[in-house]
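Number of protein chains: 2
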Amino acid sequence: MLTAAPSLESQMLQAGARARAAASALAQAPSDARTAALNGMARNLRAARDAILAANADDVARAKAIGRDAAFIDRLALSPERLEAIAAGVETIAALPDPVGVTTDDWTRPNGLRIARVRTPLGVIGMIFESRPNVAADASALAIRSGNAIILRGGSDSAESVNALSAPLRAALRDADLPEDAIQTAPSADRDAVGMMLDGLGGAIDVIIPRGGKSLVERVQREARVPVFAHLEGICHTYVHERADAEKAIVITVNAKMRRVSVCGATETLLVDQSIAPSLLPRVADALREAGCVLRGDAQARAITPMQEATEQDWRTEYLAPILSVRVVAGIDEAIAHIARYGSQHTESIVTEDAAMAEAFLRRVDSAIVLHNASTQFADGGEFGFGGEIGIATGRLHARGPVGAEQLTTFKYVVRGDGQVRP
Amino acid sequence: MLTAAPSLESQMLQAGARARAAASALAQAPSDARTAALNGMARNLRAARDAILAANADDVARAKAIGRDAAFIDRLALSPERLEAIAAGVETIAALPDPVGVTTDDWTRPNGLRIARVRTPLGVIGMIFESRPNVAADASALAIRSGNAIILRGGSDSAESVNALSAPLRAALRDADLPEDAIQTAPSADRDAVGMMLDGLGGAIDVIIPRGGKSLVERVQREARVPVFAHLEGICHTYVHERADAEKAIVITVNAKMRRVSVCGATETLLVDQSIAPSLLPRVADALREAGCVLRGDAQARAITPMQEATEQDWRTEYLAPILSVRVVAGIDEAIAHIARYGSQHTESIVTEDAAMAEAFLRRVDSAIVLHNASTQFADGGEFGFGGEIGIATGRLHARGPVGAEQLTTFKYVVRGDGQVRP
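These protein sequence lines are chains S and Y, in that order. Numbering-wise (the working numbering), the first sequence opens with residue 1 and increments by one. Numbering-wise (the working numbering), the second sequence opens with residue 1 and increments by one.
Rather than coming from a laboratory, the hints here were simulated on the basis of the structure. Don't take each hint at face value.
A pair holds if it fits inside one copy or across any two, identical chains being indistinguishable in the list.
[Unchecked claim] Straight line, CA to CA, 20 Å or less: simulated SDA-like cross-link-like pairs of lysine to any residue: (1) Lys248 <-> Val421; (2) Lys248 <-> Gly419; (3) Lys214 <-> Glu406; (4) Lys214 <-> Ser7.
Note that the structure is predicted; figures quoted are calculated from it, not measured.
Could you put the whole structure together from the sequences, leaning on the hints where they help?
Right under this line is the structure:
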């Protein structure tokens with residue numbers, strides 16, 4: 001007798017239903033069980049090292065065979081050191097305070113009703129990512145810490161690595177008497193699986209989190225029928241105010257641009273007040289060039305120190321490369337207006353010794369992260385003390401900035417009475 | 001020379017752009033200016049009383065002429081008393097603490113960076129409602145309290161009333177040197193205007209809030225391309241546990257069902273433990289019938305006291321009428337399972353003197369509001385102390401339960417350093 005294989009759609013819907021059921025069970029489970037599972041995940045990842053590295057070697061060999069470039073291979077490849085870092089990251093998340101069940105606010109009404117706002121898990125997270133297999137472990141750990149189920153859908157290039165990583169994670173859930181379906185991998189690398197997740201799997205997915213290049217995030221933001229935590233790009237600004245300390249301005253700007261040029265918190269545009277530009281900009285430019293950075297400036301900047309010409313398009317470009325656009329501005333109003341016009345509401349910093357100007361910038365700039373006298377490269381969940389991040393969001397609802405375990409929760413109102421009825 | 005009238009689409013997009021600009025200005029405005037505007041709104045509403053009532057009388061006459069029923073006319077009609085209540089409501093909101101700029105969390109990192117989470121306005125709210133004109137004033141006041149701009153789109157039946165209400169609101173913004181475009185009415189009663197708002201007006205709208213019947217909310221949830229704060233229905237449960245105090249159970253159940261049957265927090269299903277049902281259910285049933293309620297029960301309930309038969313469909317029905325479905329359950333697990341299966345994650349209450357059982361119910365039931373020994377009709381922003389509500393949400397992201405001024409804010413991270421760079 002022949003049995004037809006279940007369709008991709010029915011497989012995906014079943015995965016969603018299993019995730020929903022697992023999320024319900026997980027939400028009821030004690031904090032200790034989830035902590036035990038997380039510590040078990042770290043142990044299991046170390047124990048499964050050889051299997052994971054072998055699977056990853058297969059993925060890497062296939063990627064090389066189809067001509068993927070060196071940067072792609074670097075994102076895909078695991079090593080004993082990288083795997084140890086993944087396991088250590090899971091342990092860090094295991095040690096985080098449990099956000100679930102925490103009362104964030106409570107008050108008593110005149111009629112005696114006591115109302116509390118209590119954190120609860122969000123539910124089911126759909127994680128859509130590309131070649132970096134470590135995302136599977138990082139995201140799963142943050143999901144379990146916050147009492148959520150997760151469905152992982154990695155790129156087809158990393159499919160074997162992701163399966164090899166998720167097996168020990170699921171085993172750790174079982175060992176802690178938690179439902180292993182709280183962590184699932186999409187049953188197929190078929191591109192249609194992504195579309196089904198963006199549709200919410202029949203209401204099973206509460207939020208989609210994409211991690212990857214701009215085209216992936218664009219597709220997710222365009223097509224998703226469920227909420228998305230994401231940033232499309234990080235066009236971050238460092239603004240050097242006329243009352244900046246010159247040494248801080250140089251050190252912060254070089255770090256903000258050049259520490260790692262490929263991260264979303266890297267500064268892409270430097271704004272400098274015109275009163276300080278003649279003295280400061282040549283020094284900043286020298287330091288940047290020495291670090292390997294190419295500068296593109298407006299007319300005023302180029303009149304001060306030679307650099308390429310910046311076009312209108314430069315102000316809108318996330319280079320993710322050792323290139324910095326430079327603009328001389330009349331003062332804080334012009335700097336804030338430039339950021340409002342060209343920025344991506346991700347991360348912006350002001351360098352100044354003038355406390356009032358700093359506070360004005362921090363208040364007026366409408367970005368997820370605003371900094372004073374610090375590098376934009378601090379835009380990172382680990383640097384914020386979140387023990388990791390599942391992504392960085394530039395949307396305005398629910399999650400903004402680095403998304404850690406706490407922002408993977410929602411809340412409910414718990415009302416305790418003694419027979420009150422409403423008049 | 002002939003000039004073509006601008007298309008509805010271009011008018012709507014312009015309204016969106018003006019709202020976005022107004023929101024930016026409003027976010028920068030001091031709290032005092034917004035408070036002054038809110039108090040001015042209340043004054044202006046009272047001063048414009050005759051014009052508002054005249055416009056409303058026109059709307060009512062038109063509604064009667066096209067055969068709208070009495071309940072519809074009641075929702076639409078204003079009176080001097082109702083208008084005074086609207087003005088007083090705006091004053092209540094004016095007196096609320098300003099949520100904008102409040103630091104909800106702050107900490108210092110080992111490197112000395114001081115990180116604060118600070119509330120900021122959401123941006124632009126798209127309010128889509130039906131016949132009740134008071135929504136225009138209530139929603140506008142909550143939007144301005146929280147620093148947001150709002151675009152109002154009422155039903156065509158209430159168009160004149162809404163315009164007459166919004167004029168004094170806008171005047172109060174002008175008088176407080178705030179942008180009047182922070183409150184706008186959609187330029188047309190054309191149904192297509194709703195579709196354009198659900199599409200976000202080119203990114204101008206941050207959240208849509210529908211207020212009205214189920215078909216409106218369904219359309220909004222189905223078509224919206226931007227986040228929505230809403231509840232489709234309130235299938236609320238009162239669960240009488242075996243250790244309930246009988247008097248409390250009777251008073252709470254009658255209030256939860258019958259205080260007002262048309263509100264979303266009205267109880268639609270009563271669950272009673274089988275051990276207490278034989279003694280308690282006849283008394284509860286008598287009290288409900290005396291208040292004018294029709295009962296529909298499962299077999300066990302009907303064996304105890306006569307009532308209509310409840311079908312599977314009854315457990316899924318929001319009656320919004322003096323009808324109550326009744327089910328006898330084996331205990332708390334069965335009660336929670338029933339709520340998980342048939343409920344709408346809105347509001348549920350347990351009546352019991354057993355503190356441990358109460359806490360289990362409050363923890364395990366996954367609804368926006370869970371109560372112990374209190375009526376489900378407390379599901380209301382005013383009763384929560386929010387000074388009003390723009391709606392009640394059963395979604396899981398950002399806003400849940402009664403949505404007041406605080407939940408119309410988002411946040412940003414403000415990071416203060418002294419030259420820190422990332423290693």
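Tested hints:
Within a single copy, Lys248 and Val421 get their C-alpha atoms only as close as 62 Å, which misses the 20 Å cut-off; across copies the closest is 9 Å, which meets it. Taking CA atoms no more than 20 Å apart as the test, Lys248 paired with Gly419 passes between copies only; the shortest distance there is 5 Å, against 62 Å inside one copy. Taking the closest pair of Cα atoms, Lys214 and Glu406 never come within 20 Å of each other, the shortest separation being 26 Å inside a single copy and 33 Å across copies. Neither within a single protomer nor between protomers do Lys214 and Ser7 lie at most 20 Å apart by alpha-carbon distance, with minima of 30 Å and 34 Å respectively.
Checked against the numbered hints listed earlier, the structure breaks hints 3, 4; every other hint is satisfied.
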